[in-house]
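Chains A and B, in that order, are what the protein sequence lines are.
Residue numbers are given in my numbering: position 135 of the first sequence equals residue 135, and the series is strictly consecutive.
Residue numbers are given in my numbering: position 296 of the second sequence equals residue 296, and the series is strictly consecutive.
Hint data in this document are derived by calculation from the structure and do not stem from the laboratory.
These figures come from a predicted structure and were not determined experimentally.
Each hint should be verified, as a subset may be incorrect.
[Unchecked claim] Computed footprint of chain A on chain B; a stretch qualifies when at least three of its residues, placed anywhere within it, have a C-beta under 8 Å from a C-beta of chain A:
id, region
1, 183 to 195
2, 205 to 213
3, 228 to 236
4, 239 to 248
5, 254 to 262
6, 296 to 304
We put the beta carbon where it would ideally sit given N, CA and C, even for glycine.
Number of protein chains: 2
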Amino acid sequence: MPDALHTDVGGSVGPVTTQHVTLFDDVHPLELESGHRLAPVEVAYETYGELDANGSNAVIICHALTGDAHAAGYHGDPLRAGWWDNFIGPGKPVDTRRLFVVCANLLGGCMGTTGPSSINPETGEPYGLRFPLFTVGDLVEVHRALMRHLGVTRLRAAIGGSLGGMQVLHWAMEFPDELGAAVLVCATSRLSAQNIAFSAVAREAIMRDPNFHGGDYQRIGVRPDAGLGVARMMAHITYLSEEGMREKFGRRLQNGTTPRFGFDVDFQVESYLHHQGEVFLRRFDANSYLYLTRAMDYFDPFGDMVAAGPKLEALRTPFLVVSFDSDWRFDTAHSREIVQVLAAHRVPVTFREITSPHGHDSFLLVIPEYHRTVANFLRRAGAEPGFTDAAGI
Amino acid sequence: MPDALHTDVGGSVGPVTTQHVTLFDDVHPLELESGHRLAPVEVAYETYGELDANGSNAVIICHALTGDAHAAGYHGDPLRAGWWDNFIGPGKPVDTRRLFVVCANLLGGCMGTTGPSSINPETGEPYGLRFPLFTVGDLVEVHRALMRHLGVTRLRAAIGGSLGGMQVLHWAMEFPDELGAAVLVCATSRLSAQNIAFSAVAREAIMRDPNFHGGDYQRIGVRPDAGLGVARMMAHITYLSEEGMREKFGRRLQNGTTPRFGFDVDFQVESYLHHQGEVFLRRFDANSYLYLTRAMDYFDPFGDMVAAGPKLEALRTPFLVVSFDSDWRFDTAHSREIVQVLAAHRVPVTFREITSPHGHDSFLLVIPEYHRTVANFLRRAGAEPGFTDAAGI
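Chain A extracted, bound-state conformation:
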């Protein structure tokens, strides 16, 4: 993506530290939707800004499939900032001068929060596929426990892109009194057949890797890097748009203008995907990829309207739903479906489709109309009375 898109306005939250807390233990285990009990559950999180005296200015950032707790500021090197640093900070859309911002690695992740790569206390070895299946709702339960730990009884807003937005939607529907506002960016209420298909093939690539060993690769001391790399390369194609790829790479060759005519990397787009696959291996766990993509597959809060109807009737949290016109991972139709269902139940909802050539990844970029839209919505969420009728978490 062009560097200009990373040039943000506003300041940095500065140096930050990832914190760790054990939120569930043997005495108080996490009860999953499946009925399974999980303990201990440790959570990695970061906070930016200060919680005000009456605890009314907290915002949670729910990250996407491969994100982590380090959303803003920097660790060590000021030039290497968190993944949403252009969005969170003093003077930025999520303005840390007036908001207390929390971002946590989600359950099942591999960046400090308990997941399949954590040690299973029953065996003393990594869980692998013995980690229990969990749902988007379970991700939210862990976030809620973190909020209680931080003394936050109600959120000014919950904000999430992609899988993050799915968490926000679930949270709003199940605990409408806990959210002052909900911001969903390029999210969906349910994966399409094509979405599921891409995730299924990514999982196949991982599970067919001979180093996968039924998920026990850690114990054996190997990694299914070949499969995980292929999964990431494929997924990455779905995060960019056709148009964005054409602008960025076209058919340009990696080295000069003479094709090398072989199976090694030759086109720039090949080199880019290769690099994305390699970098990803350093920071992500294959089993986490399986669990989190599967949680997305099964998410479908509007699937049973007999159950969903009363929840939606009780929901008065204002929503901002944002899509990008070149996103084909979760295209505008996904957002529009959410908007239509919410509006049909008289939930206050603002919808904006933003023009951007950068596909699904647009939500991570500085796109002025997008940032302005979120900033304005969050200011309203803090100022208007309708946003402040409190309830407990």
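Since the structure of chain A is provided, determine the placement of chain B on it from the hints.
Structure of chain B alone, referenced to chain A:
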């Protein structure tokens, strides 16, 4: 795809046999564009209908990436017909009552024509990656040699879908006097960055399979089935449309309505892709997949207009270019680009975008408007004088 789409009109060409001929040998090797010489080159082909007395009614069918010579009729079981049997036969768009139709497995394939799975005479073992790189132009040279062998000096028409259409485009540009008409269905003059990206990831999946052994898996007696299966599953997503997948699978589960919550196949779309991946392994060779996709990547006949311009100026072969509105593998923009370049050089070109929910695979289906369009064009090609100014192959 709905069975109705396979219900064609017209009859069958009946039982057929695939024939084999050695077109190049040590005395007359195939000279590839790279300068490499290849011998022997055996070609598998089928013919349907009868060549007329003056050899003026021949049509070649150029198949796509994973096709073969068995386009029409049947081997053994009348219920299991060739891959384009709904398109070729008495009374069908490619009408064998008046046309002599030839379909050959292409160079580099694995269905009877010499390719990387053939025996390298220098070593007595399969070529593997010692098979020379070849281009779309080289595929056409082998087809031309087959036509000479069959006594055909000029084709009434060349017809191809996808990679088949790319062969037809090359043929027309390089040997305009040899083609009475050119039919390109969901083809492209050059792959986009996204197209190349998908092919690159498919190749990665194959080459990272530990059973690939640098392409020497045959010699070792194993197969990179895991990787080839993943490549096929991914590619298959790009052959269907989002809309087609929604209609066919939606979010339906494989068994009943209760999710099984695991990593095994659960959604119908997963089961379908799994099946496609498995079936493909029985009939395709991983090295052929690498070579043929790479030939597609490099194809770009309009890339150097200094070279292409005079060829296009000399080209008076009437073209029919057909795209499908739900095809996102080679979408209508790809076809439109071909049409615009041809029209700019006063090549007679008819363009039709056909409405179909079935994506790239539409070209294999019975879509009445599509079949009518091709049938009418081919009738014109036989009847109008402009189509008959002959020249030699």
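Counting residues of the region 205 to 213 of chain B that have a beta-carbon nearer than 8 Å to any beta-carbon of chain A, does the count reach 3? holds (count 5)
Taking a Cβ-to-Cβ distance below 8 Å as contact, does the region 239 to 248 of chain B have at least three residues touching chain A? holds (count 5)
Is the listed coverage of the region 228 to 236 of chain B by chain A valid when you require three or more residues with a beta carbon under 8 Å from a beta carbon of that chain? holds (count 4)
Within the region 183 to 195 of chain B, is the number of residues with a Cβ closer than 8 Å to a Cβ of chain A three or more? holds (count 5)
Examine the region 296 to 304 of chain B: at least three residues should have C-beta closer than 8 Å to a C-beta of chain A. Result for this restraint: holds, n = 4.
Verdict on chain A covering the region 254 to 262 of chain B, criterion of 3 CB contacts below 8 Å: holds (count 3)
The structure meets every hint from the earlier list without exception.
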